[in-house]
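Asks: Heads up: the protein sequence lines correspond to chains A and B, in order. Position 149 (the first sequence) corresponds to 149 in this note's numbering; numbering is contiguous. Count along the second sequence from 1, then add 473; that gives the number in this note's numbering.
Among the hints, erroneous ones may be present.
[Stated by the list, open to error] Distance condition first, Cα-Cα at most 20 Å in a straight line; then the derived SDA-like pairs of lysine to any residue:
(1) 258(A) to 505(B)
(2) 671(B) to 260(A)
(3) 197(A) to 176(A)
(4) 58(A) to 673(B)
(5) 671(B) to 262(A)
(6) 10(A) to 666(B)
(7) 668(B) to 20(A)
(8) 270(A) to 673(B)
(9) 270(A) to 213(A)
(10) 640(B) to 262(A)
(11) 504(B) to 95(A)
(12) 71(A) to 408(A)
(13) 539(B) to 615(B)
(14) 426(A) to 525(B)
(15) 10(A) to 279(A)
(16) 87(A) to 505(B)
(17) 10(A) to 247(A)
(18) 601(B) to 321(A)
(19) 671(B) to 54(A)
(20) 640(B) to 24(A)
(21) 345(A) to 372(A)
(22) 668(B) to 18(A)
(23) 504(B) to 85(A)
Since the hints were derived computationally from the structure, they do not count as laboratory data.
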Amino acid sequence: MTRARTLYDKIWDEHLVSAAPGELPVIYIDRHLVHEVTSPQAFEGLRMAGRTVRHPEKTLAVPDHNVPTDKANRAGGIEGISDPESKLQVQTLAANAAEFGIEHLAMDDIRQGIVHIVGPEQGFTQPGMTIVCGDSHTSTHGAFGALAFGIGTSEVEHVLATQTLRMPQSKNMRVTVNGTPGPGVGAKDIALAIIGKIGTAGGTGYVIEYAGEAIRALSMEGRMTLCNMSIEGGARAGLIAPDEKTFDYIKGRPKAPKGGGWEQALAYWKTLFSDDGAHFDAEIVIDAADIPPLVTWGTSPEDVAPVTGVVPDPANESDPGRRAAKERALDYMGLTAGQKLSEVKVDRVFIGSCTNGRIEDLRAVASIAKGRKVAAHVNAMIVPGSGLVKEQAEREGLDAIFIEAGFDWREPGCSMCLAMNADKLKPEERCASTSNRNFEGRQGRGGRTHLVSPVMAAAAAIKGTLTDVRELV
Amino acid sequence: MEPFTTLTAVAAPLPLVNVDTDMIIPKQFLKTIQRSGLGNALFDEMRRTPDGKDIPDFVLNKPAYKNAKILVSGANFGCGSSREHAPWALLDFGFRCIIAPSFADIFYGNCFKNGILPIALPQDQIDKLMDDAERGANAIISVDLEKQEIRGPDGGVITFDIDPFRKQILLNGWDDIGLTLRDGAAIDDYEAKAKLAKPWL
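Excised from the complex, chain A in its bound form (with noise of 0.2 Å):
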């Protein structure tokens, strides 16, 4: 009988190429996404090793970070950004597509859309697969039961030339979620309340797997945005077994297995599990119904607090370098220990990223919006993950709801997640945010993130202040 084996130890096995003694193991890729960003510099290398893409039909480039999302910047194509750096990445990544042989989905395709939104939508991220992406949130695409992560600029150079990375085998990890979550909670809330209780270096070294009755309960979208979430726990990937519900989403996608290949390929996919008796070097437990809405108030994901609860005082901390950690985040925050986080006021609620930018994201918000207003000294802004969210979003009427409560209605790309493009945070501007991090500047210079779930941004949006959910369910 062969040994027992977890998910993340059958998929490297399946994809070990070499493991010569004394060497990293060499491991295959299946699919690679590029963005401007991390990529002008590995086509820079290629071109300079005078050496080629081995595989470009196994890539697919999408510009998402720099692009404009107002209407019209947008409606100008590359000539609309302002930005003359931003522009030349964007415009760097098409011509790099076109030397190289590579799809790309350009800034007008109604396909275009941020990288892990739009991997997922084009059926390009498989059960199985390793999937790797320059962005440490390719980790998304664990929610298929891919073995999928974040990578530097030069294994993206590494992957061009070769299809293949040098890696040491990482641990397993498994986080179980027993048990059904309570009204207005979320699979973002199960991700902060995961990397709350890990911190946000506990899955360092690590794959996590999740399993459980809470997350075979989430939808594909709620499973996108934990596992897009691993990273903010130290995890490099966060994986799910694949079951019907990730089968169904699959089928009938445009790069989805299409007749007998899909029925060779469902055939594996149901291998993908981990066996009864499989070895996790780390085992965490938690209960959903014990997770309420949550709100970050640091700079770190794993400042976690009940929306319920108050800023934490730094002076419980026993460890002196985590202490002087809380302690700088309150400074930055604009907090004080003890403070009710349901009356901390804020200017900005910016909805949408890779984290939660999708379909089913925006039904939630809209839910909570509908005959609402966002109140008046908010500016509140919603930015599909895609083209084709967006479209699907304006077909079901969403578009309207967002926009007779007040929301603002942009063009998709990664926006104020990281505020590379024009939409940022101002210095001390308070923001409710559905995006990953709430680190110092990620938002803009001086600029204050509280993390939340969809529903939690939009009843932010709706009374002003940190509010929990419940109150408006």
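Dock chain B against chain A, hints included.
Replies: Relative to chain A, chain B alone:
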């Protein structure tokens, strides 16, 4: 890539945990299409006021640390974004070695691609090196990769662990794409088998 063998240089203290790559190089500097010239952007928002003036208290603005090549910092160094601009900026400033209790995985791997040696040590040894690094221009630390040894200003020796393959990459300054392509037959074999087993891919 420039090989890393031994390094004797000023060590700069940055006693913060969770130094993320957004801190190391803020996003406005990621718009370049080149690897070079990012040293000026290193730690920009901690180093300069919004109107571009140096903040004198920040360690890298102190004259004693202008030529530092070793950085001693807190746990989970390099967390967050995968941006290789972070090691590029560190390298361009002059840093060849980062010493911390732990590193985020992606950043750690990126260092080896750029001739930077990341060294993880237990907290008590970090505390000692952090004290050493606080001595300004006298904070001279020596790192010997071959021997896997760090020598502090008082002559005390600390040993460190490193993956033997990554050690060879750094010692020799190897281009790892070239190394992988040398073994191209193994990739050909893998692809031939995968084509039969998983034709839908």
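Asks: It remains to establish, for every hint, whether it holds in the given structure.
Replies: Hint check results:
1. Restraint check for residue 258(A) and residue 505(B): not satisfied, since their Cα atoms lie roughly 40 Å apart, outside the 20 Å limit.
2. Proximity of residue 671(B) to residue 260(A) is assessed by CA-CA distance (about 12 Å); at most 20 Å being required, the pair is judged to hold.
3. As the CA atoms of residue 197(A) and residue 176(A) are separated by approximately 13 Å, the hinted pair is consistent with the 20 Å bound.
4. Taking the CA atoms of residue 58(A) and residue 673(B), the gap is about 12 Å. The hint holds against a cut of 20 Å.
5. Restraint check for residue 671(B) and residue 262(A): satisfied, since their Cα atoms lie roughly 11 Å apart, inside the 20 Å limit.
6. Our distance criterion of 20 Å between C-alpha atoms is met by residue 10(A) and residue 666(B), whose separation comes to about 17 Å.
7. The straight-line distance between the Cα atoms of residue 668(B) and residue 20(A) is roughly 23 Å, outside the 20 Å bound, and the hint therefore fails.
8. For the suggested pair residue 270(A) and residue 673(B), the alpha carbons sit about 15 Å apart, so the restraint of at most 20 Å is met.
9. Only pairs whose Cα atoms come within 20 Å are accepted, and residue 270(A) paired with residue 213(A) is accepted, the gap being roughly 19 Å.
10. With a C-alpha separation of about 44 Å, the suggested pair residue 640(B) and residue 262(A) falls outside the 20 Å cut-off, and the hint is violated.
11. The straight-line distance between the Cα atoms of residue 504(B) and residue 95(A) is roughly 16 Å, inside the 20 Å bound, and the hint therefore holds.
12. Of the pairs offered as hints, the one joining residue 71(A) and residue 408(A) holds, with about 11 Å between alpha carbons and a cut-off of 20 Å not exceeded.
13. For the hint linking residue 539(B) to residue 615(B), the alpha-carbon distance of about 17 Å falls within 20 Å, and the restraint holds.
14. With a C-alpha separation of about 16 Å, the suggested pairing of residue 426(A) with residue 525(B) holds against the 20 Å cut-off.
15. Taking the CA atoms of residue 10(A) and residue 279(A), the gap is near 12 Å; set against the 20 Å cutoff, the hint holds.
16. With a CA separation close to 11 Å, the supplied pair residue 87(A) and residue 505(B) stays within the 20 Å bound.
17. At roughly 19 Å between alpha-carbon atoms, residue 10(A) and residue 247(A) fall within 20 Å of each other, so this suggested pair holds.
18. A distance of roughly 14 Å separates the Cα atoms of residue 601(B) and residue 321(A); the hinted pair therefore holds under the 20 Å criterion.
19. Between the alpha carbons of residue 671(B) and residue 54(A) the distance comes to roughly 19 Å, so the proposed pair stays at or under 20 Å and holds.
20. Straight-line distance between C-alpha atoms of residue 640(B) and residue 24(A) comes to about 11 Å, which keeps the hinted pair within the 20 Å bound.
21. Proposed proximity of residue 345(A) and residue 372(A) is supported: the alpha carbons are some 18 Å apart, at most 20 Å.
22. For the proposed pair residue 668(B) and residue 18(A), the alpha carbon gap of about 17 Å is at most 20 Å, so the pair holds.
23. Restraint check: the Cα-Cα separation between residue 504(B) and residue 85(A) comes to about 6 Å, which is no more than 20 Å; the hinted pair holds.
In this structure, the hints that do not hold are numbers 1, 7, 10, in rising order.
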